[in-house]
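J.: Chains as they are written, first to last, in our numbering: chain A, 118 to 515; chain B, 118 to 515.
Be a bit skeptical, because a hint or two may be false.
Identical copies look the same in the list; a pair holds intra-copy or inter-copy alike.
Here are the simulated DMTMM-like pairs of lysine to aspartate or glutamate, each with C-alpha atoms no more than 25 Å apart in a straight line [said to hold, decoys possible]:
1. LYS230 to ASP474
2. LYS230 to GLU473
3. LYS230 to ASP388
No lab work stands behind these hints, which were simulated from the structure alone. Keep in mind it's a predicted model, so treat the numbers as computed, not measured.
Number of protein chains: 2
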Amino acid sequence: MARALDGIQVVDFSHVLAGPICTHYLCLQGADVVKVEPAAGDTMRSYGGQTHPDGLSPSFIAVNAGKRSVVLDLKDERQLGAARRLVAGADVVVENFRPGVMDRLGLGYEACKALNPGLVFCSISGFGQTGPLRANPAIDQIIQSMSGLMMLSGEPGSPALRVGFPLVDTYTGLTAAFAIMGSLLRRARTGAGQRIDVAMLDAALAMMIPVAGPFLAAGVEPRRTGNLGYSQSPTADTFPTADGEITLGVVRQQQFEALCRVLQRTEWLRDPRFAARRARQHNALSLRAEVVAALRGRDAITWERLLNEAGVAAGAVRTLPQALQMEQLSQRALCLPVELPSGRGQVLNAGFLLAEDPAGVERPPPTLGQHTRQVLQGLGYATAEIDAMTAAAPAPPP
Amino acid sequence: MARALDGIQVVDFSHVLAGPICTHYLCLQGADVVKVEPAAGDTMRSYGGQTHPDGLSPSFIAVNAGKRSVVLDLKDERQLGAARRLVAGADVVVENFRPGVMDRLGLGYEACKALNPGLVFCSISGFGQTGPLRANPAIDQIIQSMSGLMMLSGEPGSPALRVGFPLVDTYTGLTAAFAIMGSLLRRARTGAGQRIDVAMLDAALAMMIPVAGPFLAAGVEPRRTGNLGYSQSPTADTFPTADGEITLGVVRQQQFEALCRVLQRTEWLRDPRFAARRARQHNALSLRAEVVAALRGRDAITWERLLNEAGVAAGAVRTLPQALQMEQLSQRALCLPVELPSGRGQVLNAGFLLAEDPAGVERPPPTLGQHTRQVLQGLGYATAEIDAMTAAAPAPPP
Numbered sequence: 118m119a120r121a122l123d124g125i126q127v128v129d130f131s132h133v134l135a136g137p138i139c140t141h142y143l144c145l146q147g148a149d150v151v152k153v154e155p156a157a158g159d160t161m162r163s164y165g166g167q168t169h170p171d172g173l174s175p176s177f178i179a180v181n182a183g184k185r186s187v188v189l190d191l192k193d194e195r196q197l198g199a200a201r202r203l204v205a206g207a208d209v210v211v212e213n214f215r216p217g218v219m220d221r222l223g224l225g226y227e228a229c230k231a232l233n234p235g236l237v238f239c240s241i242s243g244f245g246q247t248g249p250l251r252a253n254p255a256i257d258q259i260i261q262s263m264s265g266l267m268m269l270s271g272e273p274g275s276p277a278l279r280v281g282f283p284l285v286d287t288y289t290g291l292t293a294a295f296a297i298m299g300s301l302l303r304r305a306r307t308g309a310g311q312r313i314d315v316a317m318l319d320a321a322l323a324m325m326i327p328v329a330g331p332f333l334a335a336g337v338e339p340r341r342t343g344n345l346g347y348s349q350s351p352t353a354d355t356f357p358t359a360d361g362e363i364t365l366g367v368v369r370q371q372q373f374e375a376l377c378r379v380l381q382r383t384e385w386l387r388d389p390r391f392a393a394r395r396a397r398q399h400n401a402l403s404l405r406a407e408v409v410a411a412l413r414g415r416d417a418i419t420w421e422r423l424l425n426e427a428g429v430a431a432g433a434v435r436t437l438p439q440a441l442q443m444e445q446l447s448q449r450a451l452c453l454p455v456e457l458p459s460g461r462g463q464v465l466n467a468g469f470l471l472a473e474d475p476a477g478v479e480r481p482p483p484t485l486g487q488h489t490r491q492v493l494q495g496l497g498y499a500t501a502e503i504d505a506m507t508a509a510a511p512a513p514p515p
Numbered sequence: 118m119a120r121a122l123d124g125i126q127v128v129d130f131s132h133v134l135a136g137p138i139c140t141h142y143l144c145l146q147g148a149d150v151v152k153v154e155p156a157a158g159d160t161m162r163s164y165g166g167q168t169h170p171d172g173l174s175p176s177f178i179a180v181n182a183g184k185r186s187v188v189l190d191l192k193d194e195r196q197l198g199a200a201r202r203l204v205a206g207a208d209v210v211v212e213n214f215r216p217g218v219m220d221r222l223g224l225g226y227e228a229c230k231a232l233n234p235g236l237v238f239c240s241i242s243g244f245g246q247t248g249p250l251r252a253n254p255a256i257d258q259i260i261q262s263m264s265g266l267m268m269l270s271g272e273p274g275s276p277a278l279r280v281g282f283p284l285v286d287t288y289t290g291l292t293a294a295f296a297i298m299g300s301l302l303r304r305a306r307t308g309a310g311q312r313i314d315v316a317m318l319d320a321a322l323a324m325m326i327p328v329a330g331p332f333l334a335a336g337v338e339p340r341r342t343g344n345l346g347y348s349q350s351p352t353a354d355t356f357p358t359a360d361g362e363i364t365l366g367v368v369r370q371q372q373f374e375a376l377c378r379v380l381q382r383t384e385w386l387r388d389p390r391f392a393a394r395r396a397r398q399h400n401a402l403s404l405r406a407e408v409v410a411a412l413r414g415r416d417a418i419t420w421e422r423l424l425n426e427a428g429v430a431a432g433a434v435r436t437l438p439q440a441l442q443m444e445q446l447s448q449r450a451l452c453l454p455v456e457l458p459s460g461r462g463q464v465l466n467a468g469f470l471l472a473e474d475p476a477g478v479e480r481p482p483p484t485l486g487q488h489t490r491q492v493l494q495g496l497g498y499a500t501a502e503i504d505a506m507t508a509a510a511p512a513p514p515p
């Protein structure tokens with residue numbers, strides 16, 4: 118029994134979000150992720166300007182459980198030497214500084230490759246290592262703005278709207294993890310290392326493939342359709358019920374017939390306005406009014422059950438906390454327990470189940486510099502050398 | 118020189134979106150993806166109910182370039198035998214039928230594993246292969262509804278809002294591709310196959326890690342903040358300009374000082390309402406009004422340039438077509454040329470650049486059954502047997 122990345126050593130110079138999400142995915146697959154932090158720590162430790170007792174903000178916990186933390190001042194020659202020793206023995210380096218920063222530190226790809234020819238080296242940045250915008254600063258919402266993402270949701274003509282969480286960071290992190298996994302497979306097959314250049318802008322556009330692809334293939338312009346689905350069927354939309362909203366995914370004729378039966382409106386099947394798909398599209402507003410009236414009699418969760426029993430795709434609108442409490446998830450190992458100084462918490466699994474070697478985290482999120490001594494010892498430094506190095510840095514929290 | 122998946126054979130029983138996106142990512146890394154289709158073809162070929170000359174809708178082209186197409190009627194014993202022979206020689210099987218369908222066809226995991234013990238077998242479904250909701254039908258917008266995703270965008274109290282493209286399908290596809298890549302690496306290291314179970318609901322929740330993670334770790338409830346960024350800083354928001362909108366990512370004090378200089382409003386730095394971060398948060402509305410007034414003098418693209426030159430993160434709101442035409446992307450190989458019957462088109466690359474073995478597609482998207490004879494020959498069928506099998510199916514388009 119072995120997970121894909123058991124025994125794989127990742128040196129993680131990344132901070133905040135996209136980089137740590139990438140290494141979270143690697144950690145869940147068994148990689149030993151050593152997080153190299155400055156003395157002040159990853160800024161995510163004090164997320165939102167708030168300080169947390171152990172440098173463990175909820176946002177930091179979310180994407181750093183299972184990793185080890187080493188504090189190194191990369192501008193100090195001796196500590197940079199330790200970082201270089203770490204890289205020399207690693208399989209993967211991940212960094213998300215602005216392009217050029219790692220080179221200036223003496224830890225650029227060429228320098229690292231000289232230390233370790235088989236290395237997989239992944240840079241994550243806003244716009245990539247090449248191109249006229251490479252030096253521009255970027256955060257998630259800047260990329261949401263520039264990539265077209267803010268012009269896809271809502272109704273036609275409504276103002277630009279941000280997707281309400283940093284999904285570009287998430288998609289970029291997973292994209293980088295995928296590229297790294299592929300490069301490790303390639304290394305296993307050929308022995309060769311690889312340099313990977315992941316840009317948030319590129320990843321955001323790749324994420325939009327269901328709309329960007331048809332535009333590139335044939336000039337199809339994306340349309341904003343509110344809650345109406347990709348299919349444009351008026352019964353693939355979100356509707357109020359007695360106590361909340363529900364989304365129906367009724368597209369095909371057979372599904373519409375089942376919907377009519379569950380709603381006890383089989384007369385729609387004889388109504389020329391609604392009987393056929395094309396007619397329903399022409400009479401979308403009248404049909405919507407009828408569906409709203411029919412759904413008023415029960416609550417969203419009851420409709421969800423009744424409709425699904427009849428084979429009709431339907432899902433009540435839930436808040437994220439409601440979703441995370443669904444019975445379905447308890448059988449999916451999506452939420453993994455983790456020990457925190459504040460008690461027991463949970464972190465998210467990777468979104469897939471493996472039959473043979475389940476993903477998981479073995480360690481809580483690290484306090485700042487928790488593993489500095491351990492890692493330096495592992496690199497062969499003598500106790501006196503370690504004392505000298507860690508004396509230069511502030512003591513790790515107790 | 119070799120790509121990660123050169124020589125890897127993927128048998129793809131998937132259709133519509135999440136499955137084909139998964140195998141698109143594999144195809145870009147060099148895998149030979151054989152798409153097994155029923156005689157009617159993947160419904161994506163006639164997306165939106167429209168027929169297309171070669172069965173190549175823009176949505177189909179977007180996620181199927183580079184694959185080969187084989188038409189097999191899996192309910193016909195002889196053609197099922199060909200599918201089994203295909204599976205026996207493959208490295209990976211991908212399917213996105215409802216749970217149980219592959220078993221009923223005689224192509225479930227246990228049957229496939231008996232043919233091919235080292236197989237990586239990936240099932241993609243709405244809710245997964247286990248749990249009380251496993252049999253429920255699902256499409257992207259149902260999962261957006263149930264997962265909490267529709268309650269994250271927009272202002273507090275505004276109605277549930279769908280993200281305007283099927284991003285759960287995309288995230289699920291990439292999640293599956295990542296799990297497959299990891300399982301192939303594991304197989305390279307141990308020789309063992311793997312069963313993978315990817316659920317759209319699980320992947321959607323994993324995608325929301327920046328908000329789901331803090332809730333699981335410490336009960337932090339997600340908040341809806343419109344276009345205001347994750348940082349809650351009033352200058353990390355979207356603003357009108359002379360001719361369109363721009364998003365600013367001004368969070369830290371130093372960035373705010375640079376913003377004041379570019380906007381020629383250095384007096385804000387002496388204004389007690391705006392000088393410090395906390396004061397700016399208390400006076401967010403007044404500050405917004407001031408920023409709007411200051412931005413009125415120029416267009417969004419000019420501000421984007423001026424602000425970035427000063428190190429301030431800023432991005433003009435673009436439509437997706439405008440984004441795809443950015444000069445930056447031409448240096449990033451994000452859009453790959455592909456030959457189509459209608460002329461030259463483009464498909465999207467994977468969102469990362471590899472230094473050693475660039476990703477790409479070697480073939481146009483396949484017409485329905487274009488490679489049936491070729492693939493059956495490769496499986497060792499004699500011409501007479503192939504004639505008999507393809508006579509049962511409709512002839513592929515010329």
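J.: Hints first: check each against the structure and report whether it holds.
T.: Quick rundown of the hints versus the structure:
1. For the homomeric pair LYS230 and ASP474, the shortest alpha-carbon distance between copies (17 Å) is at most 25 Å, but the shortest distance inside one copy (32 Å) is not.
2. For the homomeric pair LYS230 and GLU473, the shortest alpha-carbon distance between copies (13 Å) is at most 25 Å, but the shortest distance inside one copy (34 Å) is not.
3. Taking CA atoms no more than 25 Å apart as the test, LYS230 paired with ASP388 passes in neither setting, with 71 Å inside one copy and 51 Å between copies.
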